[in-house]
Amino acid sequence: MAIDERVIVEAVSGMSLAGNEEGLIPAFGLYLTNHYADFYNRISFGVLGALVRENPELTEDAIALLTEAAHVCAFHTFGGIMVSVEWDALVQPMIDSREDWVRGMVAVVNALGWGRFRVAELVPGERLVATVSDSYEASGYLESYPRADGPRCFLANGGMAGLMNLVYQGDITRRPSLTEELYREVFGHPRSFRSRERLCAAKGDSHCEFIVERMQG
Amino acid sequence: MSFHQAPKADLERGVSTLGGRRLVFHCHHYNVFLQRTIEDALQERAPGLLVAAGMEAARAMLQGLEAEAASASPAEALRRAADTFAAQGFGRLDVGLLGAGGGEVTVAPSHYAVGWVSRWGKRPTPACFFVAGFLGGVVAAAYRLAPERITSRECTCVAAGDERCSFRVEVW
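Keeping their order, the protein sequence lines are chains A and B. Per this note's numbering, the first sequence runs over residues 12 to 228. Per this note's numbering, the second sequence runs over residues 46 to 217.
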């Protein structure tokens with residue numbers, strides 16, 4: 012059975028991920044929030060702007076900080092989902108190969124409100140090309156800033172690298188504990204995956220595109 | 046009776062909105078890690094950015110909800126905001142002492158305090174900047190006040206070792 016994205020999106024969307032009697036959303040071993048894209052965009056672009064205004068040479072460092080936050084997000088959120096009972100019930104029966112772990116997680120992401128992700132190319136263990144339309148980061152950026160001179164989807168960019176690291180570097184298929192030690196081991200490996208956003212709607216492209224490849228070590 | 050309205054989902058586009066504003070699911074690891082990144086980077090300027098962003102996000106969403114279906118009274122608008130806040134996973138607000146002049150609000154539990162403690166343990170200062178901003182936005186939207194008339198801050202925080210998270214909203 013192949014990954015059926017529509018079934019996954021509809022099922023996750025139908026899970027009614029809303030606050031319990033405490034007003035919290037415990038799911039996938041995490042506390043979720045159905046948060047405001049406006050908030051993330053304000054604080055992410057705000058800190059980037061503040062740092063770059065004062066020290067333009069810090070641009071890459073500021074982007075690295077936001078990318079690191081995205082790696083942490085992917086490791087825990089995607090990782091938590093992929094070792095959850097919900098994953099076992101919904102996605103696992105559709106999985107025939109390791110690559111289906113990537114495709115299955117991309118389908119789940121499409122129920123999170125981040126935009127519509129598609130796998131354009133997947134070379135096992137080596138490379139992922141993913142596209143996104145309606146990225147909340149790019150569309151949020153364009154609401155408040157002029158056209159960007161570079162990509163702006165820091166969360167999605169780090170998220171795609173995190174997904175490949177979970178599947179091919181951390182071997183999430185063995186269901187490891189998602190500890191800080193594992194995080195450092197996986198993302199600190201000299202051959203771990205990193206992503207670059209080649210196309211971004213925030214800089215005028217029709218959609219966003221991410222190229223995820225292993226570092227040269 | 047709950048005043049919460051479910052978000053509108055466009056599954057084809059991967060877009061979810063409430064009051065016309067985008068909503069996105071994220072977990073506590075990302076929420077508190079991103080906040081810590083900003084606090085480390087901006088130091089004493091970080092709370093200003095975090096609170097202002099929370100206020101703007103909340104005000105825009107609530108104004109959108111009010112435009113779609115106006116609350117019968119400011120008190121109902123406050124209740125709608127509290128129910129929405131809980132449905133979104135941020136915790137339970139007690140807005141019973143909140144009014145046109147501001148007031149005190151408690152949150153039990155607060156997602157940000159719970160998330161911070163679970164990831165890093167206690168911290169010396171309050172952690173729930175988003176909540177402080179949200180409350181300012183709520184008062185602005187419910188009473189149709191300009192946001193610059195409102196200040197909001199967290200007075201006690203579970204993440205800082207206090208028994209509860211409490212906030213003070215002031216209107217000039």
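Note that these hints are calculated values from the structure, not bench results. Backbone N, C-alpha and C define an ideal beta-carbon position, used for all residues, glycine too. Please note that a few of the clues may not be correct.
Cβ-Cβ distance ranges computed for the label pairs, FRET-style [as the list claims (entries may be wrong)]: (1) B:196 <-> A:69: 40 to 46 Å; (2) B:196 <-> A:137: 36 to 42 Å; (3) A:75 <-> B:196: 29 to 35 Å; (4) B:90 <-> A:21: 54 to 60 Å.
Interface residues of chain A toward chain B, partial, derived using beta-carbon atoms under 8 Å [stated by the list, open to error]: (5) 43; (6) 68; (7) 134; (8) 135; (9) 136; (10) 140; (11) 155; (12) 156.
The following residues of chain A were derived to be distant from chain B, with all beta-carbon distances above 12 Å [unchecked claim]: (13) 52; (14) 55; (15) 107.
Okay, the hints, checked on the actual structure:
1. B:196 <-> A:69: 40 to 46 Å: The hint (40 to 46 Å, Cβ to Cβ) is violated, given that residue 196 (chain B) and residue 69 (chain A) are roughly 30 Å apart.
2. B:196 <-> A:137: 36 to 42 Å: Check failed, 53 Å falls outside 36 to 42 Å.
3. A:75 <-> B:196: 29 to 35 Å: 34 Å, holds
4. B:90 <-> A:21: 54 to 60 Å: This hint is violated: roughly 43 Å between Cβ atoms.
5. 43: Nearest chain B Cβ about 5 Å off; hint holds.
6. 68: 15 Å, violated
7. 134: 24 Å, violated
8. 135: 25 Å, violated
9. 136: 26 Å, violated
10. 140: With a minimum Cβ separation of about 18 Å from chain B (threshold 8 Å), the hint on residue 140 (chain A) is violated.
11. 155: 10 Å, violated
12. 156: 15 Å, violated
13. 52: 8 Å, violated
14. 55: 7 Å, violated
15. 107: Non-interface label stands for residue 107 (chain A): nearest chain B Cβ at 24 Å, farther than 12 Å.
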